[in-house]
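For the protein sequence lines, the chains are W and F, in the order given. Sequential numbering of the first sequence, starting at 1, is according to this note's numbering. Sequential numbering of the second sequence, starting at 1001, is according to this note's numbering.
The set of hints was computed from the structure by calculation and includes no laboratory data. Computed from a predicted model, the values in this text were never measured in an experiment. Be a bit skeptical, because a hint or two may be false.
Between beta-carbon pairs, the in silico distance windows are [to be verified]:
(1) F/K1323 to W/T225: 38 to 44 Å
(2) F/D1275 to W/P174: 20 to 26 Å
(3) F/E1241 to W/T146: 42 to 48 Å
(4) F/K1323 to W/T146: 44 to 50 Å
Backbone N, C-alpha and C define an ideal beta-carbon position, used for all residues, glycine too.
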Amino acid sequence: MIRLEKRPQPSRAWSMATPLVAVIATMIVGGLLFAALGKPPVEAIRTIFWEPLFGEFSFYYRPQLLVKGAPLVLIAIGLSLGFRAGIWNIGAEGQYIMGAIFGAGAGLAFYPSESFLIFPFMVLAGAFGGWIWAMIPAVLKTRFGTNEILVSLMLVYVAEQFLASVSLGLLKNPEGFGFPGSRNLQSWDAAHNAELIAGTGMHWGVVAALIAVIFAYVLLNRHMTGYHIRLTGEAPRAAKFAGVNPTRLVLFCLGTSGALAGLAGLFEVSGPSGQISIDFNVGYGFTAIIVAFLGRLHPVGILLAGGLMALTYIGGDIAQSNLQLPAAAIQVFQGMLLFFLLAFDLLTNFRIAIGKPEVA
Amino acid sequence: MKLTNLLTSAAVALGLAAGAAMADTTKVGFVYVGPVGDGGWTYEHDQGRKAVEAEFGDQVETVYVENVAEGPDAERVMTQMALEGADLIFTTSFGYMDPTINVAKKFPNVKFEHATGYKRADNVSTYSARFYEGRAVQGTIAGHMTESNIIGYIGSYPIPEVIRGINSAYLHAKKVNPDVQFKIVWAFTWFDPAKEADAAKVLIEQGADVILQHTDSTAPQAAAQAAGNVITFGQASDMSEYAPKPRVSSIIDDWAPYYIARTKAVIDGTWESVDTWDGIGAGMVGIGEISDVVPADVKAAALAIKDAQANGTYHAFTGPINKQDGSAWLAEGETADDGTLAGMNFYVEGIEGDIPQ
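Using the sequences and the hints, build the whole thing.
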């Protein structure tokens, strides 16, 4: 008889090993899936994981990994703070949108000025946009005890309507022949979040993501607020006795994650994307939830997980184009990653025992 | 611009290598905004791709990537195709416009074709279809067929192309049925079966017995079938699985002739940047078979409109037409110019409601 036995202590070894095991399991089962579709499995896996890093055109793909990974990491870092304390911000996608709208709007208000102050002002406005959007579920939770999961998620759809509205009205490019979408910020130097060194993919959003990783690491390990976050997540009752103020914690966690998501939106709209349009958001806010968990809610883990997700996106597109793998198969492949991670996580707290249970 | 140089030299190097290795193969890339199985917009572009393969056989190699988000992802996918040696790349969504222009700058030797946009370059052409001609046919059928005199319209995004379709359908429904009224719901999506089904149900509840859609899934057809006495039209693709009822006809995008012609131009070395806007006459807009649910005289009237547009004797926007606010737009006998049509951002007189801002 096979059964699960609770470990007296969570296994540290498994906790470290599960992400790696999950990646390997995904490769194996994904390979089987690709084989079932009649595609060469080894070639497909190699294309997804190897081609962007070391393939013929890696000089182009490597910088793209930064472009794709930076917003994921930036958002996931913010989310991980709240997740650790049991505060569930599911609406980062909405905060990302509002950050982009506020940031781009703040800049476009001064078009066509070439002042060097415009970009910093946009950064502040972007962070503010995300922060204020996250404050709605935060205040509702602390004031009226509403569920922040539902409120933050629903506000994503409200933000999407705002996005459509400003694309068609307030921020619409006056020289756009009536088509929706704002001016392209890439062609306006004062507002363009350009590559810091051409050809590297390194833009301010990547810098911000790296700073956020360091900041979160220091916060969690060296700072009282970080200690409170961890304590609240691990032992809520003890946290109460230790004098943690839950209201302040909720405001801090949701506010920080909102501001970081807003920043991610601003850096995206002023850089790689270039313009506010109806379909500006592509799901970074939701994917970042996977990244946060894949990275074990640990800042360094999130950095690696963001890189891994970016790799599967870029490699997945290459596999589609070169091997004609369907997009759905790539999405299944990415979904497997989270599925296996959660499945193997079981082994952190449980062990598989064979035989009859011992009589206590 | 270091990256530009790097990319260009890589493209040149690759072009040389490719030229030596497989001088006869022309590589054609397609970037799709939806899944190839959407049964509508992307499906028809993919049919065009297959037609190119069938036409040229071993002379061409086609590749595609589906579900590509508009923005940086599209730019990356196009760059990737160009790096991998594509000679011609079709980018099949309006939102790919700026990415297409950006990538085209880096690869001057690769030809790009952007659907439904307005920005061109030496190596970027644009192409679109005069779907409003098909809407005129639909409007004619809808005006005759409705008994409640309420026609529902599922809009995708309030962009000129969609507004043009609404105006054209309304004008022709009104022409055969002066009591007709349009109810318009904006879904803010090109493809989302759940949202489209909701929109259709709302319209049916409001009394609409004809549903026109500018979204790509068959969900509204299914909703109409469930409701019973409601008719619909296939969008982008024939959607004949819902014929003869609720689907009584359809607008079919037929990109195959254009894709074949443009691929041939690249093979022959005669490709030039052009702006193509073809309609029923050129075969880019097809009218799906009008089913037997439609009475013979209505069918004849619809086909007359279709033929008149095909041979150029009739324009869907022929005056007198006023704008929604009552101001004059086209005088008696005057036809709309392409510039106004391309940027159309107003309803014609008689349509109720506002275009979302």
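Legend entry - Numbers of unmet hints, in rising order: Hint 1 alone not satisfied by this model.
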